[in-house]
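Since the structure of chain A is already known, use the hints to place chain B on it.
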Amino acid sequence: MSIKPYKLNNSSTSRRTLLKGGLAFGLTAGITPFAIGKTKPTLRIMGTHVTLQEAIRQRAMEDLGINIEFEPGGSATVLQKASMNPHSFDLYEQWSNSINVLWRAKAIQPIQKKRLQYWEEINNLSKTGKLTENARMGAGDAPHKILNVQDDGSLGEKHTDTISFLPYVHNVDSFGYDTSKLPDELQGQEESWGWLLDRHFSGKVGIVNDPTIGLFDLALAAQAKGFVTFQDIGSITEYELDDLFNLLIELTQLNHFSGFWTSVPESVEFMKSGRVAIESMFSPAVSALNGQHIPVTFAAPKEGYRGWHGVMCLSSATQGRMKDVAYEYMNWWLSGWPGAFIARQGYYISNPQRSADYLSQAEWDYWYKGNVASEPLNGPDGKVSVQKGAQRTGGSYEERFSNVAVWNTVMPSYEYSLQKWYEFITA
Amino acid sequence: MLSSIRIQLITVLLALIALILSQGFVARKNQEVLSKGVASAAKAVIDVGIVKELERDVVDLQRNVLIFKENASKSAITRFSRLMVTINNKLDKLALVNELSTQKEDNNQILNRMREHLSAYQENFSQVVEARSERDNLIDQGTMSDITLLGSELDKALAQGKISAAFVDDAKVILIRTENAMLKYLMKPDMKFIKSFNDSIDALIRMPSSANTELQQRIERIIDRIKNDFFKLTQITQGNLFLVNVVMAGSANEFLYLSGELAKKVSTDSKIITQRTYQIAESTQRNGELFSLFAILLALAAALFSTFRILGPIRSITEVFNKLAKGVQISNIPGSSRRDEIGKLAKAALVFSDKNRETEKLLNEARTMNSQLENLNKVITESKEKAEQATASKSMFLANMSHEIRTPMNGIIGLIELAQQQELSTTVRGYLDKAAYSGQILLSVINDILDFSKIEAGKLKIEEVSFSLHSLFDNLIAVIALRAKEKNLSVHFTVNPKIPPQVIGDPLRIAQIIMNIGNNAVKFTEQGRINIEFDGCLNEKGNLLNLCMRITDSGIGMSSAQLDKIFKPFTQADGSTNRKYGGTGLGLAIVSQLTELMNGRLDATSTMGKGSTFEVQLPLKAFKNQPGVLQNSPQLPSNSLYVTESALLPEAYCEQIQLSTSARMSIGEARNAAALPDFIVVDVHDFSFFRENISWLNNLLENDKSVGLVMESAGSALQAKYGSLWKGPLIMHPFTPAQFERFVHQVIAKDIGFEGQHFKDEPEETTLEGHVLLVEDNNINQLVTGEMLTNLGLTFDIAEDGKQAVQKVENSPQYDLILMDVQMPIMDGYEATRMLRDKKFAVLPIIGLSANAMKEDKQNAIDAGMNDYLTKPIKQKSLIGMLKQYLGKQ
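These protein sequence lines are chains A and B, in that order. Counting from 1380, one number per residue, gives the positions in the first sequence under my numbering. Counting from 750, one number per residue, gives the positions in the second sequence under my numbering.
Here chain B stands alone, though its shape is the one from the complex:
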C-alpha cells in the first residue's frame, strides 16, 4: 500500500483522469471503428458489384472466344484483350479491398486462382488465335493451294500430253473429293473426314498413271505436302478444340465458380462486417456504460476513501488536538498505526499529548520544586536566623571573652602600672617594663580580634570627629620610633607642609591603619630605613582633603602572589611568616576593611627582598583656610647655612624654613670656611661624624653661632650620648612637624629650652577630692582601681554588686561619683544604674566600667542612665581624665 495520502490521492486522481482519457480514447476509437465498419459495409456492396461485373465480363470473354472460334473475328480479339484489362483491373481492385477483409487468406487464394485461370485463359486464347491463323494459313497456303497446284500441274501435263485426259479427270475427281473431305473436316472436325481425306489422297497416289518419273515424283511430293499439311491442320484443329472446349471452358468455369465464391465471401464478409459493426456499436455502448460505471465507482471509491481514509481520520485527529489543546488526556489516538500523513498527524498528536503530559509533569515538578524552594527558603531563613543568632552569640561570646580577658588584663596592667610607680631596682623595673609591654601586645591582639569581629559583624562604626593630625603624628612617631629604635632602624617621617592639620574623621581608626602598616614595616624590616610620608591635596573648595599616607620599607618584601593574599583575614604573606614574625594575621585585613569603610584606597607594591610600599588614601573633611602643618613655622635668615652632603631634611622642610639649597656646604668646606653665617644647620649621619666635629660645633656655639643638628635615627644609648655631648638644638629622625618647628624655633632663638606646643606624656601629679563608690565584683580590680583612686587622693567605698551599690547609695547618699562595673552577679551595673536613677539619684555621676569593648556597650551604658563609660583595662590616664571631668566641676 502506498504510504502517503498525497500519493494515494494523486493516484486516485490520476486513475480518474486516465479513465476519462481512456474513455474518450475508446469512444473515439469506437467511433472510428464504427464509421470504418459502415464504410466497409458500403464498400462490400460495391465489391459484390465488382464481382458480379467480373462474372459478366468472363461470360463476355467466353462469348468472344466463341465468336472468334466461329469466324476468327478480329474484333473478338480486340474485345477479348480489352475485357482482359478490365478484368485484371477489377481483380486488382478486389485485391486491394481484400487487404481489409476478414478472410484475407481465403480470398487471396481465390483471387490468385482466378488470376491463374485468367492468365491461362488468355494464354490459351492467344494459342487459339495463333493456331487459327496457322490453320487458315495451312488451308490457304498449304492444302488448298497444293490441291489447286496439283490440279493445274495435271492440266499442264495434259496440255503437254504427258498424261492422259482420263487420268486427269479421275485425279481431279479424287482431288475434289479430297478437298471436300478437308472442307467437311473444317466444318465439323471428325475422324471420319480425316480418314476420307487420307483415303482419297492415298487413292490418288495409287492411281496408275502413264506419267513419266519426273512428273510422278513431282505429283507425289505435292501429295505428301498436302497430307502433311492436312495432318497439321487436324492437329491444330484438335488442339484448338481441346483448348477451347476443355481447357478454356474449364478455366472459365472455374473462374466463374471462384467469382461466385468470392461474391459469396464478400457478401458474407460484408454481413460479418455489418454484424461486427453492430457488435462494435453495442460493445462500444456497453464499454462506455462500463467505463461510466467504473468511473462512478472509482469516484465513489475516491469519495469513500477521502471520507473514511482521510476526512474521518482528520476530523478525529482534529478532535484529538482540540482535546489536547484543552488539556484533556488522550489515552488512544486513532490512526497512529497508519503510515501516511494521518499516521504522521496521529504521531504528532501522540507527541503533543506526551508533551502535554510532560508539561503537566514539569509543572507539578516545578510546583514541588517551588514548595521545596519555599521550604528551603524557610530553612535558609531559619539558617540565616540561626546564623544571625550565631553571629549574635558570637558577638555575645566575643563580648564575654572581651570582658573575661579584659578583667584580668585590667588587673595585670593596672598592677604593673602601679608597680612601676614604686621605687624599684633597675632589674625589677626592666621586668615590669617588659611585662607591661607584653600586656600591651596582648591587649592589642585582643583589640585586633575584637575589631575584626566588629567589622565582620558590621558593627564597627566610623566616627566623624574633628581632630588634629599633629596628635596622630605624635602617637605614630611615638609608637613606630620606639619599635624601630629597638631594631636600630632608621625611620624618616615626612609630612607635606601644606597639609591642613585639623580634619574630620575617625582618628582612632586612621591611627590604627597607619600604625598597623607601620608596625608591619618595622616588623618585617631587619635593617635599613622606613620612610613614612604624609601627603595630600585639597579639593578646589578646600574642604576635602585627600590624605595620602605612604610607608616604604626596605624589608623582606613580597611576591605578587603574596601581595594578593595579605589583605585577606587570618593570612600572612607566607605561612612561615607567622612562625617567624608572629601576629594574628588580622592586621592588614583590618587595614583594608577600615580603608574601605572610610571610602579610601589601599595600594601595596612590593619587590621580593627589596621592600614594600603601602599607600593609603583617605578622603577627609577639612576645615577651610587653615595654614599647613608647617606653614606657621619660623624661617631662618636667608643666609643660613646647611652643612650637609646628603640632606637629612626633606626639600619641602628646607624650603619652608628658607634653608636655601644653594647655601650648602660639606662639613669640610664649612670647617675651612673663613666666615660662617650666624645660623647653621648641620646634618649628622652617624656618631663618628658627630665625634669628629663635636668640638668644632661646640666652638661654633661658643662663638655665638646658632647651630642646629639634624641626626639620623639612633638608639636610646646613642641618643643619650648625643644629648650629653651637644647642648645646642638637636633634632633626630623621626620627628613630627611640630618637633621640627620647635627645633627651628630653638635654632632661631638659640634657646634649647623652647618647648612650644609640647605634648607631655608623663602623668601629671593630679590630686582630686571626693568620695567615690567603686562597684566591682572582682577583687583584684577592686584593688587596682582602688589604688588608682587613692593615688588621686580620693576616698572610696566598695560595693560587690549592683544591689549592694543601690543599698549603699540609699543608705548613705554622700557619694560624689560612682564607678560602676556593668557585669556583675546578682545585679548588673545597667540595672543598678536604672534603679538609682529611678530612686531620684538623677544627677549622681555614674561612670560605667566594662571589659566589653563593643561600641553598643557604651550606648547601653548611656541608655541605662550612666554618664560615661570606661573600658577595662582602665588606664590611669583615662581614669584621671574622666574623673577630672566630673569631679573638677564641683
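Chain A extracted, bound-state conformation:
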C-alpha cells in the first residue's frame, strides 16, 4: 500500500466513462440484469449523515439505474428504529458499535461474501484487526471481532462465508483545535487528548454528544491527564465511570465545556463561531473549516486515536429482488468512486487501491500517504479544502490505523453510561 497501485488519467470524465463501462460489464457478468420495462426498484437506506450524502445518492442512482431513498437521522434514533423494525430499511449504514444491537435484534441478515465483488480487495483492518504487522490493537469493539457470523449465530473473529456487515468507510478520530487559539502554555507540546480537559481551554471545549464516542474522548483525556486510570478503556466499569463522571460533572459545573454537538455541521458551527477552541471532531468538519480558512488542526494525539468503522448492514426483511439491488449498491460502494469521494472528506475505504484510480497523485499522496499537499486540493463540494503545503496529522493511512487507542464501542456499562452522561451534560 505504499505505492499507488494504478495510475490512471486524472480526468474525472474519462474515469467516469471507464467506471461506467467496467460497471456495466460487472453487472452483466455477475448479476442478473434488470429486465427492461420493469419499474426501477427503490432502495431504502437508513443511516447517518456521514455516508448518506446527496452527491453519493445521485451518483449511485446514475450508475446503477435505480432509485435510492436516504433516511438519515440521529444515531440513537435510527439505531432504535432499525432494531425494532427491519422492514423500515433495506440497508443500514452506521458504525460498528451498532452491530451488536442490530444482530441481537435480528434486524439484519448475514451477508454472503461470495456476492461481494471486491471482498478479496478488502484489507486486513477489518479481517484481522491489524493493517500492519506492528499495529497496535485498539481497545473496544475492533471491527474484526464482530464481523464474522459464527456457526452458533453469534459474531466473532473466526472467518466464515458470511459476515454481519460490509466493511467500507472508516477513520480514526481525535479532536480538532484552532491553532490561532492554542494557549501559549500548550505551544510546542505534543498533541494530547489531555488538552480537552486542560484548564487553558476552559470554557472553550466542545464534545460530541454521544456516550459511545464522546465518552472515549473524555476517558482518553482524563487518562492522559492522569486523573483516572482504566483497566480496559474498551470496557470501562461502572466504578471507573463514576470516577470519570465525578470529574467531568465538576468540570461542567465550572463551565469547562461550552457545548455538546450532535451533528458535523453543528461542530463546524461551534468552531467557526469561536464558541469552542478545541472539540471532538470528525474529519469532514476539519476539511470544511479549512476550506473556510479557519486554521483547524485535526490532532494526532500521542495517546493514539479513537477508531471507528462504518458498517453497511442488510435488513433481515429484505429479500429477493431488493436484496440483489442491495448487493449491487454494496458492490458499487467498493467500486472506487465512492471511496475516492469520501477520501476527500478524510475517510478511508476498505479497498483503497480501487479508489486510487479516482484520486490524483496529489490527493492520494495527501490523503492516504500523509504527505504534504503538492497543490491545492478540492473537497467533495469542489471547493479548495486543502491548501498547498498542508499536511495531514498523524501520517499515512497505515500509520494512523496502527495507532488506534480505542474503537467506538458499546460497553457492558452502556446503560449506566447513559445515565451518567445525562448527569454530565445537564450538570
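No wet-lab data here; the hints were simulated from the structure. Glycine included, C-beta positions come from ideal geometry on N, C-alpha and C. The reader is advised that the hints may include incorrect statements.
Simulated DEER-style distance windows between Cβ atoms [said to hold, decoys possible]:
| hint | chain 1 | residue 1 | chain 2 | residue 2 | range |
| --- | --- | --- | --- | --- | --- |
| 1 | A | Ile1628 | B | Arg805 | 20 to 28 Å |
| 2 | A | Pro1644 | B | Leu898 | 44 to 52 Å |
| 3 | A | Ala1696 | B | Gly910 | 38 to 46 Å |
| 4 | B | Leu898 | A | Lys1604 | 52 to 60 Å |
| 5 | B | Thr827 | A | Thr1539 | 51 to 59 Å |
| 6 | A | Glu1564 | B | Asn837 | 44 to 52 Å |
| 7 | B | Thr827 | A | Ile1628 | 28 to 36 Å |
| 8 | B | Ser875 | A | Thr1539 | 39 to 47 Å |
| 9 | A | Gly1653 | B | Thr827 | 38 to 46 Å |
| 10 | A | Glu1564 | B | Gly1009 | 22 to 30 Å |
| 11 | B | Ser882 | A | Ala1696 | 39 to 47 Å |
| 12 | B | Ser875 | A | Thr1541 | 21 to 29 Å |
| 13 | A | Thr1558 | B | Arg805 | 33 to 41 Å |
| 14 | B | Ala821 | A | Thr1418 | 56 to 64 Å |
Just chain B now, with coordinates in the frame of chain A:
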C-alpha cells in the same frame, strides 16, 4: 456658471428652500428614528423577557420529560405539548422581532437551530412516549403475562399429571427469578440484569423435564416469546435512555445555550439600539446644527452674492447711467464682461454711452453743418447778389444793346422812311419797301428779346389804360391781313357785336399777344383760312369783360408733345421749325407770360396737319352801359336780300343788320328773280363769280338798286381789279366791325364815299413852327432826326453832347424845344437836363430820345426833369405827335 442673475437668484432661493425642506425632512426622519429607537429599546427589554421565559419553559419541558420518564404521567405529556405551543409562539414572536434586529442573520441562525432542537426534542419525546407505552405493553402483555402464562401452564400440566411437582416448583423458582431480573432491569437498566434474566430463562429451558414433547415445545415457545419480548424491552429501554439522557438532554442543553446566546444578543442588540438611538439623537442634533450652519452660510452667501454680484453692480451701473444722463463721458463700464443681466445692463450703458457720444458727435456735426449752411447761405446770398448783379448787368447790357442796336436802326429806318418819301423808280421803291420791312422785322425781334428780358427780370409792368378795341382791331387786321395777303390766305375776322368797345388794360401788350398768335398762324399756314374771333361776356355788374380771342388756322398743326413745349422760351414746336419758319422762338413764350401777367388764360389745341386753335381769355375792366362794337350800326330794310350760297358774313353780323336768313337766294335765283328788293348784299367767293356777274351787278346798280358785295380775301392785285370793275359798296375779308359798319352805311346810303369814323394811316402834311435844339452825338441820327424836323418845317441846332447843349441853351436861350439823347459822351442827357432845369430853364420842353426801350428809362427821364420821351428808332409819326403836343400850344 449660470449666465442669468434671475436663474442665479432662483437657484439660490431654491437651494435655500430645499435646505429648509430637507432640514425639516431630516428632523422628522430623525424624530422617527429616535422614537423607533426608543421603541426598539423598550421592545428589546421585552424580548429579553421572552427569551428568559423561553429558558424557563425549556427547563419546565425537561422537568416534564423527567416526570414522564419516572411514572409515564399523562399530565406530563399534556403539559409538554402545551409548553411546546408556548415555546413555538415565543419563537415566532422573537422571529418577528428579529426582523428589525441588527444581527438578523446570526439571530435567525440561532432561532433556526433552536427550532431544530425543539422539533427534534419534541420528536424524540414522542418516540419516548411511544416507546414507553410499547415497553409497558411488553411488560403487561408480553414478558409478564407470558411468565404468568407459563406458571399457569405448569400448574395445569401438574394438575393433569403431565409433569412432576418438583419440576414445577423448580421452574416456578426460576420464573420468579426471571421476573425478578426483569423487574430489577426495569428499576435500573443494567446489563447484569439482562444477563441474569437470560441466564434464568435459559436455565428453565435446560431444566430436565418429564414432560411430553407437546408440552415441552409449548413451554419452549413461551420461553422464546418471553426472551424475545424482554430483548425488545431492553432495546426500548436503552433507546429511551439514549434518547432522554443523551439526545434530548443534548437538545435541551443546546437550546438553553442558544437561548442564552439569544438573550445575550438581544440585550447586546438593545444596548446597540440604545447606543444607536443616542448616536442618532446626537447626529440629529449635529446634523440640525450643521444644516442650520449651512443654511446660515448659504443665506450669507446669498446676501453676499446679492450685494457683490447684483446690488453692487446695479449701484455702479446706476451711477454710470446717472453720469451718462448728465452727459459725463464714461470710459470704463463695470461688469460689461459679465454675461448676466448686469452684463446686459452694462452693455446697455455702453450702448447708451456710445449713443451719447454719437449724439454729441451728431450735434457737433449739426453745428458744423449749420455753420457750413450759414456759409453756404452767405455764398448763396453772395451768389444771389451776384446773380442779381448779373441780372442787373444783363439788364444794363440789354439796355446797352438796345441802345447800340436801336441807334443804327434809328438811322436805317429813318433814312429809309425819308427815302420812301422821295420820287423813286418802282424798282428802287420796291427795294426800299423791303428794306423797311426787314428793318421792321429786325426791330420786332429786338423788341421780342427786350420784352422777354424784361418779363424774365420781372420788370415788365402791365399798364392799365383806357383804350378802344376798334384801334386794336384795326392794327390787328392791318398787320395780319397784310401778311396773309402775301401768302394768299383767307382771313376771317369776327367780333361778337355785343362786346363793349371801350375797355381798360394794356392795349400794347394785348395787341402783342394777339398779333404774335396771329403772326404765328399766318407763318405756319401755307394755304387755307385763318379765323380770328373776338368774343366775350360781361359779368353781372357789366364792369368786367372776359375777352376771349380765338385764332384758328388750317396750318401744319402740332402734336401734343409739341404743344407742351411751345410756350417755353427759345423753343419751337420742332427744331426744324426754326430753320423753315425762322423766328426767335420767344413769341409764344412772351404770349404765355403776358397772359399770365394779365391774369388771363391761354389754351391751345392742335391736330397734326389740320391746324391749330389758340384761345386767349383776358379779364378786362369795361365801362358800363356801352353799346356793343356793332350795336350802333344801321340796319338794312327788312326785305333786303342776301344773295349767297354759303354766307361770308357771320350770323351775328347778319342779325345785327336785319339781313334775314330766310331772305337768301343763290345767285342763279337772284338773277332769275322777277323782282329784287332795293337792298341786296351779294357774296363773292372768287373772281370767276365776280366776272360772271359783274355786269348783272352793275345793272342792278344802274337800276338804282343798292348792292353791296362781300368778298373773300384776295390779293392786292385782285383787290385792285375788283375796285376797278365795281363801283358800288364792297367789303373784303378780313374786315373790322368799323369797316363793316361803314359798308352797311354805304349800302344803305348807296354812297361809297361814306367814310364814317375812318382811321387814316397816311401821314398828314403837318407843318410846325419853332426852333429846336437837337442834342445827338450820332451823326446819322443827327441827319435823320434833322431831316424829320426839316420836313415838319422846324429849324434846329445841333449839340454833340450834354455839355454843348447846356452851353448852347445858356448862350442863346431862344430854343422852343430840346430833343435830348440820353446817352452821350461827356455829359449824358439826364445830367444835361438836370443842369438846365437847375439853371432856371424849367419850362423849356425837353423830350428825351433813347435807344433804351426799358420802361425805367422813361421814368429816369421824367425824374431827370424831361417832359417826355421817345424811343429810337424814332418814327416820324410819333415824333410829329410829340412835337404837336409841345409846339402846338405855343
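Hint-by-hint comparison with the structure:
| no. | hint | in the structure |
| --- | --- | --- |
| 1 | Ile1628/A <-> Arg805/B: 20 to 28 Å | 23 Å, holds |
| 2 | Pro1644/A <-> Leu898/B: 44 to 52 Å | 50 Å, holds |
| 3 | Ala1696/A <-> Gly910/B: 38 to 46 Å | 44 Å, holds |
| 4 | Leu898/B <-> Lys1604/A: 52 to 60 Å | 54 Å, holds |
| 5 | Thr827/B <-> Thr1539/A: 51 to 59 Å | 53 Å, holds |
| 6 | Glu1564/A <-> Asn837/B: 44 to 52 Å | 46 Å, holds |
| 7 | Thr827/B <-> Ile1628/A: 28 to 36 Å | 32 Å, holds |
| 8 | Ser875/B <-> Thr1539/A: 39 to 47 Å | 41 Å, holds |
| 9 | Gly1653/A <-> Thr827/B: 38 to 46 Å | 41 Å, holds |
| 10 | Glu1564/A <-> Gly1009/B: 22 to 30 Å | 28 Å, holds |
| 11 | Ser882/B <-> Ala1696/A: 39 to 47 Å | 24 Å, violated |
| 12 | Ser875/B <-> Thr1541/A: 21 to 29 Å | 37 Å, violated |
| 13 | Thr1558/A <-> Arg805/B: 33 to 41 Å | 40 Å, holds |
| 14 | Ala821/B <-> Thr1418/A: 56 to 64 Å | 45 Å, violated |
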